[in-house]
Amino acid sequence: MVDAIDHIINSAAKSNYMSAGQISVPIVFRGPNGAAAGVGAQHSQCYAAWFGACPGLKVLAPYSSEDARGLLKAAIRDPDPVVFLENELLYGESFPVSAEVLDSSFCLPIGKAKIEREGKDVTITAFSKMVGYALKAAEILAKEGISAEVINLRSIRPLDRSTINASVRKTNRLVTVEEGFPQHGVGAEICASVVEESFEYLDAPVERIAGADVPMPYAANLERMAVPQIEDIVRAAKRACYRSVPLAATA
Amino acid sequence: MALTHRSTNLLKPLSAAVPFTSSLRRLFSTDDATAITVETSVPFTGHKCDPPPRTIDTTPKELMTFFRDMATMRRMEIAADSLYKAKLIRGFCHLYDGQEAVAVGMEAAITKKDCIITAYRDHCIFLGRGGTLVEAFAELMGRRDGCSRGKGGSMHFYKKESGFYGGHGIVGAQVPLGIGLAFAQKYSKEEHVAFALYGDGAANQGQLFEALNMAALWDLPAILVCENNHYGMGTAEWRAAKSPAYYKRGDYVPGLKVDGMDAFAVKQACKFAKEHALKNGPIILEMDTYRYHGHSMSDPGSTYRTRDEISGVRQERDPLERIRKLILSHDIATEKELKDIEKEIRKEVDEAIAQAKESPMPDSSELFTNVYVKGFGVQSPLLTYQLCHRAKGNRAGELSSQELDNLMTIVANYRQFKIPDWFLNRKKDYKKR
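Protein sequence lines correspond, in order, to chains C and X.
Heads up: the first sequence at position 158 corresponds to 158 in the numbering used here, and the numbers run straight through without jumps.
So the number in the numbering used here is just where the residue sits in the second sequence, counting from 1, plus 1000.
Don't take every hint at face value.
Unchecked claim - Stretches of chain C that chain X covers, calculated by requiring three or more beta carbons in the stretch to come under 8 Å of a beta carbon on chain X: (1) 33 to 39; (2) 213 to 225.
What the hints assert, rightly or not - Restraint ranges, calculated between C-beta atoms of paired labels, are given here: (3) A1354(X) - A53(C): 33 to 41 Å; (4) Y1304(X) - S24(C): 33 to 41 Å; (5) S193(C) - A1236(X): 27 to 35 Å; (6) K120(C) - G1234(X): 27 to 35 Å; (7) V1371(X) - P205(C): 23 to 31 Å; (8) N10(C) - Y1304(X): 47 to 55 Å; (9) Y1304(X) - H7(C): 24 to 32 Å; (10) S24(C) - K1242(X): 27 to 35 Å; (11) L89(C) - A1240(X): 27 to 35 Å.
As the list claims (entries may be wrong) - Computed far set for chain X versus chain C, every beta-carbon distance over 10 Å: (12) G1091; (13) E1191; (14) E1237; (15) V1371.
By construction, these hints were calculated from the structure, which means they are not laboratory data.
Bear in mind the structure is a predicted one, so any value in this text is a computation, not a measurement.
Beta carbons are placed, not taken as given, at the ideal position from N, Cα and C, and that holds for glycine.
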């Protein structure tokens, strides 16, 4: 998708604006995004933050089968250019779906996040593969008495700021999770949004979990360290919940 | 395969009906530098240039070197197949067996001061450039002794000191880089060239033509080598290219079509191309070659071509067999001796694999090295530095180069400076005090 990025931005995203509405581009760009396993630096980058920065684009990131089906149909029906970021490792995962999802006209709204798990102590936002990790982290946290609310963003652009902020106003603590590089990432935008709209509700600094700030290494042990693991999310949530623990090093 | 043998030695070879093992009866010893003339399998076809002659001089020594080098490459790739299936190699693995003549013939025509850059099917080119089997297998298995210290993987082998610039995963992206290498060669005025290798799939990439245009405008000593194995992943060339005559695609740039399964044709073509490029600017070589494996280890390679086609090429055009036949017919070595060499190579490869398996995984601190040339892209090492009382709150950009060297030494040997493992591994948390 990055090979075509000039056209995605300059020919698709900006056309409706530059032509004052004459040229609309109802196209969907879909494909795998982010790290697979052992594919090295040039084949592992997550581009959600890059595409999410562009006005004129809509950016979706499904997690479950329900997301994949509903969001893709919505993307196709949408009159604007949509970047649909799938995940290669999720292609092989199965999810339970309701009869409603299997219906041929099932469609999800663009720009609405889903609360995958309700909680009251800390909000964890994630998208794509990290939603699965966040849910597993929430299980572990529940055993330790921390009730985590997991939000599946579904839509990177437009970001569902109202759902995120409403959740933070309820729990007062936030952990953002993403696979991509930390600087200028999706978590950075969410943090800024929450600070702008719900500052007085925060009881702890926002915790950002992201991939390591390095090109993806090939060696298995280094690769494992370069991508967030479930334990990282658990530790971040605990840090957000206990004021006495100092902040992690900003690496 | 037409083969003319004109020996400078007037003795005729003794009849093969008389069995013998004595080397006194043999026409040549394997170290002989006597010239032998061979002919390429087919004549060259030129586009906007006069093709070189199809008769080439070689020596028994060169023939034996070709045999040994190609047999080593062949064995390495087959061993890599097994390692991948045993899950010791992860991710992508693109094998070169069948195409060895291109790597070996090219090396024979050039020096290590000439540059080569290629795509992801790079294991054998690496070997040709002087890379060792251990470096290759260790890199494939993601170990410390790999040519890229385990950080690159199959698609990112490099050996800069021998003029090998990688190892690239994005289709066609290495071609503009290769033409940049040619620019640097011209700039240095040392009469060296750059070879940019790409496949028939990449041949349709726009960036290739943009870069070729610049190379032609500036008369750069660039040799574009299309390794045409006739399939871009699973797409046959006739479905992918309106004009699959890749040697003609340069239009105003001259080209040569070469039998890429014949190491001597490759050598002759590369020699010709180097002379041409140094005088007249870019030239395209199309190597008509074939890969026995699928595109990568995830591709069985039989859904878009028949097994008969694969075995047909193996029977009629195998590059290793061609050299074997040449060696046998010129009586340079016996069949048993060649088989012994192959056994020796097999043992060498097995030993290299064993040694590579012993190599440890890279140290955790390697996660953060080489992001930039100097210093680190992450801020925690600065805290490390302050913890060691070496800097009083300076920002990383304000450190002198001596301080920066000290910092890098500390991070590379952090345990000696009493810095705990978890600190540089950003995935670990503080322990509650």
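Right, here's what the structure says about each hint:
1. 33 to 39: holds (count 4)
2. 213 to 225: holds (count 10)
3. A1354(X) - A53(C): 33 to 41 Å: violated (50 Å)
4. Y1304(X) - S24(C): 33 to 41 Å: Once the Cβ atoms are compared, 38 Å apart, the range 33 to 41 Å for S24(C) and Y1304(X) holds.
5. S193(C) - A1236(X): 27 to 35 Å: Given about 51 Å between the Cβ atoms, the range is violated.
6. K120(C) - G1234(X): 27 to 35 Å: violated (52 Å)
7. V1371(X) - P205(C): 23 to 31 Å: Because 26 Å falls inside the window, the suggested range holds.
8. N10(C) - Y1304(X): 47 to 55 Å: violated (35 Å)
9. Y1304(X) - H7(C): 24 to 32 Å: holds (29 Å)
10. S24(C) - K1242(X): 27 to 35 Å: holds (32 Å)
11. L89(C) - A1240(X): 27 to 35 Å: holds (29 Å)
12. G1091: It is violated; G1091(X) is separated from chain C by about 3 Å at its closest Cβ, not greater than 10 Å.
13. E1191: holds (33 Å)
14. E1237: About 21 Å separates E1237(X) from the closest Cβ of chain C, which puts it past 10 Å; holds.
15. V1371: Given a closest Cβ separation of 5 Å, the condition is violated.
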